[in-house]
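K.L.:
Construct the complete structure from the given sequences, taking the supplied hints into account.
From first to last, the protein sequence lines are chains S and E.
Counting in the numbering used here, the first sequence runs from 1 upward without gaps.
Counting in the numbering used here, the second sequence runs from 1001 upward without gaps.
Just so you know, these hints were derived from the structure itself, not from any lab.
Built from N, CA and C at the ideal position, the CB exists for glycine as well.
Please note: incorrect hints may appear among the correct ones.
[To be verified] Over 12 Å on every C-beta distance to chain S, these chain E residues come out as not near it, computed from the model:
id	residue
1	N1025
2	I1028
3	M1063
4	L1086
5	R1246
[As the list claims (entries may be wrong)] With a straight-line cut-off of 25 Å between C-alpha atoms, the simulated DSS-like cross-links for lysine-lysine are:
id	chain 1	residue 1	chain 2	residue 2
6	S	K85	S	K119
7	E	K1231	S	K67
8	E	K1047	E	K1173
9	S	K85	S	K67
10	E	K1173	S	K67
11	E	K1047	E	K1215
12	E	K1262	S	K126
13	E	K1195	E	K1171
14	S	K119	E	K1047
15	S	K67	E	K1099
16	E	K1092	E	K1231
17	E	K1262	E	K1173
[Claimed, not checked] Per the computed footprint, the stretches of chain S lying under chain E, defined by three or more beta-carbons under 8 Å from a beta-carbon of chain E, are:
id	segment
18	78-86
19	112-118
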Amino acid sequence: MASNTIRISLNSILLLLVFACQNNSRNNKILSNQSIDTCQYYRYDAHQIVSNLGCQNCHLLLIPGDKDDRGWATFSDLVTMDSLKLIDFVFTKKHKGWYSKTGTFKTPRMDTLSECQIKSVIRYIKDQGRDIPMSNQ
Amino acid sequence: MISTLRMRFAILQSQPLTGGIVARNLRITDNGSGELSLYGDFTITLKVLDLTTSGAPNLNSLMTFTQQVISSKLRGGGYKSGVSILKYNAAKRVFDNHKTWTYSIRYNFNFTVNVIQINMLGQLNGNDFVLAVVDSIGHQFTDKYGRRQDSAGLTQRASWPATVSYNNWLKDKYLGAHEFFHTLNLPDIEDTTKKNKLMYHLGDNIGREISETEKGDIMQYMLGDIREMTKGSYSNANNNTLYRLRIFLNNPIYGFKYNKNKFK
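P.N.:
Given below as structure tokens:
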């Protein structure tokens, strides 16, 4: 009786494993429909975006620890922020609508950045805190 | 904050301002149609530290050449449109911390460039710019085309010390100026359609141009905080130059070879 129970249990596990390990054609179809991420990071382009937005006019390039007397985040402060917080901080809440189509900066440059450009800007900011030098051959 | 206080204290005591960037006679005009013209006399000083093992016999001529290149590239000021900054109140001659505006800015700055050699680390102040000359640099990088490249010069990022390998500097006299412009916040260019640019950094570069946009970026960097314009004079903020030079040169991933006895 006990050996029958063990045999049935083992068969059940085996059957379960067979089904679990089978490729699911439906999932494959979904995967094949996913687009390839073509967003490539190029430091120069990201620098141009940051330069055109004028980020460093307000977020001053001070050494870590030095504070802006207005209480504004320095560029070093931005570098230490978590990427998700940075996206939230930079592109939505903290700019008081200045960059919106009706804002004082008029040209809605920040609103019109693509997802790839936003990713590049975030990486550019984060890279300022990493050991990634600029070389000349 | 400390550097700002130090600078203000120095002004109060009428002590001469020192540092990589010293600006005097600063003034602004506002044409009332969204264009600010900025005027001032800037002195840029780059200190060169020879850390080579066998010495650098041609260092003086390389420094003179670098001084001439930097001077010529900065000549003529710069222009930048669509600059988002604090709103300027021309009547009160102040920038309003609570209002923002988009301006076109004309940088009418006069530049005096000094490239001088120093022999001791004690000659380096926190807000100096420095170019360290080393024996060699082991660091390799991958360009945007996926090719591995050697490094003849290396700079961590804006405001950081720059380095060049002496033998490579002898081969390419523009190398010192290229690296210094990284300190002044210009990035490298790898786009093969821009081989005529000084900041193009792959081996097959054919030109030495700085674009108007790049000049505008340099001027913007030199000014740092636009509010400095209303103070008449200023020197650049603390960059922790000696500390940064120390951790940069001692970072093993860059593979710097230099005479450590000269760096104590």
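K.L.:
What are the numbers of the hints that this structure violates, sorted from low to high?
P.N.:
4, 10, 12, 14, 18 and 19
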